[in-house]
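Visitor: One letter stands for each residue in the lines below.
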Amino acid sequence: MARFKGFQFNLLPPKSKELVKKEDKRSFSMLYAALLIFTIVALWLGVNLVNAYVDSNIVTRWEKTNRDEDAQIVSYQSEAEDNYELYVKSQGLSGVVTKHTDPDLVFNLIDLRIKESTPGVNIVAYSRNSSGHYQITGTTKKQQDVATLINDFLDDENIKDITLLSLKASTEGNSEFILDIELSTNATEE
Amino acid sequence: MPPKSKITTKELYQQYIFMFRFYFFPIFILAVFLLVGIFAVYPSVTTLFDNFSKVDELKLNSEKKQERISKLEALREGSGKTQEYLSYINRIAPIEKTRVTDFQGSISKISQQNNLEIKSARGGEEIIQEENSTDTSTLLVEVPMHFSITGPFQNLKNFLSDIYKGDDFIIIEEMELSKEDSSSDWTMQITLVKYQFISQEKIPDESGVDPGSSGDQLPEEANPEEVNLEDFIPNQDVLKFLDEKYINAE
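Protein chains in written order, with our numbering: chain A, 25 to 214; chain B, 2 to 251.
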């Protein structure tokens with residue numbers, strides 16, 4: 025730093041060289057310190073400016089977008105409620121609709137198989153239990169008819185889960201056999 | 002070199018005072034720098050990052066809402082079909098007071114049309130609920146009726162067919178058809194079931210408005226804000242059944 029050297033008459037003793045060096049160093053330190061303050065204040069202002077921009081523009085814009093979307097969603101409320109109502113009711117009915125079959129269709133199918141393969145078998149009872157299985161009770165004079173009938177049912181792709189529940193001789197002394205067959209079907213209307 | 006003079010405690014103290022005065026201003030500025038940094042810049046930066054997080058969150062919410070809107074738009078496009086399905090379901094299993102009397106009446110009518118005689122009839126009511134169902138607000142009620150009917154075999158078959166093909170959705174739950182010993186007539190023990198939905202007490206929906214005539218509510222444990230009604234997918238087997246049996250048949 026430039027120093028004023030115009031007056032040589034000073035009552036104070038001259039500064040030592042060491043002190044002059046220290047004062048120069050301190051002057052630079054003060055410059056740095058001033059820069060430091062300026063920098064931190066500039067940083068603070070900068071951050072606040074960015075903050076204000078983000079807050080007032082970006083956040084506000086996205087909040088508005090969200091509000092608009094909320095309003096749009098609310099406008100679809102009735103469709104959503106209908107969908108949920110359909111969901112609840114269709115779930116409730118899911119186990120029910122599978123039971124909705126036409127027994128007449130099954131009876132006709134069974135009658136047709138018997139007529140074609142074992143006309144000697146006379147059906148005396150049909151039943152259907154709650155699990156959806158059908159049961160037929162018939163009589164025949166030839167025991168061989170039972171095997172033929174079961175084989176015929178096995179060949180039919182619409183008849184499945186065939187079980188011969190019982191085969192016994194009639195107690196009425198008419199040399200007939202009584203058979204009980206359980207089956208299920210996947211026959212559908214054409 | 003001249004010998005170094007001894008520094009007394011007083012001189013040392015004076016030196017420290019001098020050093021403090023000498024560097025006071027830079028130290029003061031440094032302290033101000035730190036204070037501004039800690040109490041002004043740091044909170045501002047934190048707020049800035051909070052705002053960025055908020056923007057990210059809002060963006061994410063917006064994306065989710067857009068997805069919801071897309072689904073809801075699809076629902077609106079298919080709302081006609083949904084209404085059609087609902088109208089058939091409401092026909093199959095209406096939300097009304099118990100309809101045992103009507104049900105018995107319609108069975109009597111079909112049996113008369115087929116020249117059959119109803120020997121006995123008795124009914125009841127049973128609430129059934131899907132095992133995995135979380136919704137207890139809408140319950141499916143089974144209204145079974147047990148009939149004992151006699152008549153010619155062909156008429157009984159026609160009776161069963163009429164029940165199946167009729168507009169009323171009636172399930173043949175159990176049936177036993179056997180030939181009477183003494184005559185050519187057959188006897189049928191049959192359990193027919195009619196279904197209906199009943200709604201439990203209503204709770205307000207998201208907007209605080211009563212959910213309306215349907216009486217359907219959100220699953221018990223669900224928070225309305227977390228459950229999106231459009232995410233529930235109706236049972237496709239039932240919809241297929243409705244298509245085949247009613248909608249495409251007309």
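In case anyone wonders, no lab produced these hints; they're calculated from the structure.
Since we're looking at a predicted model, the values are computed, not measured.
Any given hint could be a false lead.
Straight-line Cα separation of at most 30 Å, DSS-like style, residue types lysine-lysine; simulated pairs [claimed, not checked]: (1) K88(A) with K241(B); (2) K60(B) with K139(A); (3) K180(B) with K166(B); (4) K184(A) with K60(B); (5) K241(B) with K184(A); (6) K184(A) with K180(B); (7) K165(A) with K180(B).
The following label-pair restraints were derived from C-beta to C-beta distances [said to hold, decoys possible]: (8) T47(B) with F62(A): 20 to 30 Å; (9) F53(B) with T122(A): 47 to 57 Å; (10) V74(A) with D238(B): 50 to 60 Å; (11) P95(B) with S80(A): 24 to 34 Å; (12) E87(A) with F19(B): 35 to 45 Å; (13) F53(B) with E42(A): 46 to 56 Å; (14) A32(B) with K88(A): 20 to 30 Å; (15) A250(B) with G197(A): 44 to 54 Å; (16) K120(B) with Q168(A): 47 to 57 Å; (17) D238(B) with N175(A): 31 to 41 Å; (18) D185(A) with S184(B): 29 to 39 Å; (19) E85(B) with Q168(A): 51 to 61 Å; (20) D57(B) with E42(A): 32 to 42 Å; (21) K88(A) with D238(B): 55 to 65 Å.
To list a few chain B residues with every Cβ distance to chain A over 12 Å, as calculated [what the hints assert, rightly or not]: (22) E12; (23) Y17; (24) I18; (25) L73; (26) S80; (27) Q84; (28) N91; (29) A94; (30) D103; (31) F104; (32) S109; (33) N116; (34) R123; (35) G124; (36) G152.
Here a beta-carbon is modelled for each residue, glycine too, at the ideal position from N, C-alpha and C.
Visitor: All hints are to be evaluated individually against the structure, with a verdict given for each.
Guide: A quick look at each hint next to the structure:
no.	hint	result
1	K88(A) with K241(B)	violated, 42 Å
2	K60(B) with K139(A)	violated, 72 Å
3	K180(B) with K166(B)	holds, 25 Å
4	K184(A) with K60(B)	violated, 57 Å
5	K241(B) with K184(A)	holds, 23 Å
6	K184(A) with K180(B)	holds, 25 Å
7	K165(A) with K180(B)	holds, 18 Å
8	T47(B) with F62(A): 20 to 30 Å	holds, 23 Å
9	F53(B) with T122(A): 47 to 57 Å	holds, 55 Å
10	V74(A) with D238(B): 50 to 60 Å	holds, 57 Å
11	P95(B) with S80(A): 24 to 34 Å	violated, 56 Å
12	E87(A) with F19(B): 35 to 45 Å	violated, 60 Å
13	F53(B) with E42(A): 46 to 56 Å	holds, 53 Å
14	A32(B) with K88(A): 20 to 30 Å	violated, 44 Å
15	A250(B) with G197(A): 44 to 54 Å	holds, 52 Å
16	K120(B) with Q168(A): 47 to 57 Å	violated, 38 Å
17	D238(B) with N175(A): 31 to 41 Å	holds, 33 Å
18	D185(A) with S184(B): 29 to 39 Å	holds, 34 Å
19	E85(B) with Q168(A): 51 to 61 Å	holds, 54 Å
20	D57(B) with E42(A): 32 to 42 Å	violated, 58 Å
21	K88(A) with D238(B): 55 to 65 Å	violated, 44 Å
22	E12	holds, 16 Å
23	Y17	holds, 15 Å
24	I18	holds, 15 Å
25	L73	violated, 4 Å
26	S80	violated, 5 Å
27	Q84	violated, 7 Å
28	N91	violated, 8 Å
29	A94	violated, 6 Å
30	D103	holds, 19 Å
31	F104	holds, 15 Å
32	S109	holds, 19 Å
33	N116	holds, 16 Å
34	R123	holds, 17 Å
35	G124	holds, 17 Å
36	G152	holds, 14 Å
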